[in-house]
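J.: Chains as they are written, first to last, in the working numbering: chain A, 3 to 401; chain B, 119 to 473.
Treat the hints with caution; some may be incorrect.
To be verified - Computed cross-link-like contacts, DSS-like style, restricted to lysine-lysine with a CA-CA straight-line distance of at most 30 Å:
id, chain 1, residue 1, chain 2, residue 2
1, B, 169, B, 356
2, A, 84, B, 169
3, A, 326, B, 287
Stated by the list, open to error - Output of the computed footprint for chain A on chain B, the stretches with three or more beta carbons under 8 Å from beta carbons of chain A:
id, segment
4, 177-189
5, 233-241
Claimed, not checked - Some chain B residues judged to face chain A by a derived CB distance under 7 Å, without partners named:
id, residue
6, 226
7, 227
8, 230
Think of the hints as simulated: they come from the structure by calculation, not from any bench.
C-beta atoms are modelled at their ideal positions from N, C-alpha and C, and glycine is treated no differently.
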Amino acid sequence: MTSHKTVYLDHAATTPMHPAAIEAMTAVLATVGNASSLHGTGRVARRRMEEARESLAQLLGARPSEVIFTAGGTESDNLAVKGIYWARRDAEPQRRRIVTTPVEHHAVLDAVQWLAEHEGAEITWLPVGDDGSVSPADLREALQANDDVALVSIMWANNEVGTIMPISELATIAAEFDVPMHSDAIQAVGQIPVDFAASALSAMSVAAHKFGGPTGVGALLLRRDTSCVPLLHGGGQERDVRSGTPDVAGAVAMAAAAKVAIDGLAANSARVQQLRDRLIDGVLSTIDDVYLNGAAGDARLPGNTHFTFRGCEGDSLLMLLDAKGVECSTGSACTAGVAQPSHVLLAMGADPASARGSLRLSLGHTSTEADVDAALAVLPAAVDRARQAALASAGAAEQ
Amino acid sequence: MRVLVAMSGGVDSSVAAARMVDAGHDVVGVHLALSAAPGTLRTGSRGCCSKEDAGDARRVADVLDIPFYVWDFADRFSEDVIDDFVESYARGETPNPCVRCNERIKFSALAARALALGFDAVATGHYARLTDGHLRRAVDADKDQSYVLGVLTAEQLRHAVFPIGDTPKPQIREEAARRGLAVAEKPDSHDICFIPSGDTRAFLGARIGVRRGAVVDSGGTVLAEHDGVHGFTIGQRKGLGIAGPGPDGLPRYVTGIDAETGTVRVGGKAELDVWALTGDRPVFTSGVAPDGPVECDVQVRAHGGIVDGVAELREGRLMVDLRAPLRGVAPGQTMVLYRRDPDGDEVIASATITR
């Protein structure tokens, strides 16, 4: 393929690491030390680990003892959903209901469905609006109608279409009914203000690589009064909820990345949001038969754009853009491989055909105006071509 | 040339892709997702459609340093190949789904999309040779797949490339190993990719249901009951549900299927012999129908079943007189006609057998 300067518009999949995080991580990698060891080397490792925990807690409005380090967002979501469900069911066997939404990430969705198939869970699906949002009134209704709820899980912001949920309002309602609520805040942290204590949540998932940290590190923020059965048994690290030798380098890098991302959040998000609106305006004004999925304005993540180009296969579009060096996604990267129409768009009421014609271009801390203009320069022709391809392919089959 | 290589994750299409890269083309690998619910791992010798196969194809593309994508053709495949397969059996016919997939998916829907996206050609790992529009048998006679490509039109062939037809399979495996492709030792796939269990009768039964009928002999005497004509193929000997051999002491075979009445007729081996074939939907590989009768080899299944014949187009149908009988030919099968050639027999036409 012809080489172009790469225009990386897939920050929702993963972000470039902040130099400060790389520096902090490599410095730790060069040292030896198991944070559980009792000797001097172990104490040094332990101290780094705890400093990272305190720093991350402070940045996210949590207490250090509420930070459970994990191996990433998927583990955090699984730990919260399964662990809290098991703990609640053990305490009150009639509590077997999980209230959640059909637009969750698969890490929540599949964990919930697994509990339904194997552990006797009942599921109440909250309806979502055509912008992907969940209404507090619907949550209240679900909690009034069911006295067997074990937990509520609603994401803070949607990873595909960028819609931000009214999470504090939702969590306050759950707290009113004395039901623990978990939120997958993986896309939110680093893009919008997130304060765990102020949110009234019981648990919240975070992943380092979505805000300039390394992949393979995450955290579950878990209130001290929320019981959670571990997924991983062993040495009893992370207050007995998550055993395993602590990943000191990962935790240190995550904290360093969070510091850069959250200290600079106001300025960076304002800048990224301007780029986002430039991209949205450019696409809507130069391409016919296209619409923006998800919420508008401040109810949308600053870095997210997600379009449906009618009459296109997203796969074709992605390939054409990739060939021009413009990198984006047809859905969440986890489903990349064998293509499926997005469950998020389907839940928002899209038909499968238009769900296939969708593309997410997501911006982040390294994005520039030049990136947006480069994408806008190639998109109209790519959409034209992808539409011709869809017509040709459909026509060929109907001969 | 910009070339899209259809990569199943098997050794053949992997080497095909590698050869296209070597030839200096601008190559992109595409794996066709043909099942909406793919299995995680490949099972036995069947299938090319699991996530493991997609992963194998992706890994080969990595090694070749070419872009790679998975394109979803599951709906199209389900309609054009699986539904067609089931409906054809329900009509008492014996279809070949690989032929249908080449005709409707790989060299139709996929190729049209590829060309519209700016590719000049679609390459596959089929064992066949193609030069200047002439489609010939592969050098490796045991692996030859020109039969399942015989339905392609001149226009479809114009944009097709078959990079491995000039090489015997064992050498393709050696080449894959030499190139460091992990799929070098991967077993050949057999059977029907969308029936991983290999149990075609159960697959059809689940979709068609029970449609009882009678098994009768050539005199019309009812010998047994059956659950549907889809459980039978002309020439079938086992699983007829009848007690023992015929009155002559010789085995009995399915000699006729009437889907409308649900009747399966059985008879002796001699009744299976066919001396003439009629085919619908004829395709002439050169794009031009011959003026008069043509001498040819006639092949009616993917491997074997080749006899001499004379073919002629009459009122839009391909009529073939055979010089030797073919045994057990069923409606729905594809006949492919070849012109004998010392440089490799050439495909000249194909049609769907009606009787």
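J.: Does each hint fit the structure? Answer for all of them.
T.: Against the structure, the hints:
1. 169/B to 356/B: violated, 35 Å
2. 84/A to 169/B: holds, 27 Å
3. 326/A to 287/B: Violated, at about 37 Å.
4. 177-189: holds (count 5)
5. 233-241: holds (count 4)
6. 226: Given a least distance of 4 Å, the restraint on residue 226/B holds.
7. 227: Cβ of residue 227/B sits 5 Å from chain A, so the hint holds.
8. 230: holds, 4 Å
The earlier numbered hints that this structure contradicts are 1 and 3.
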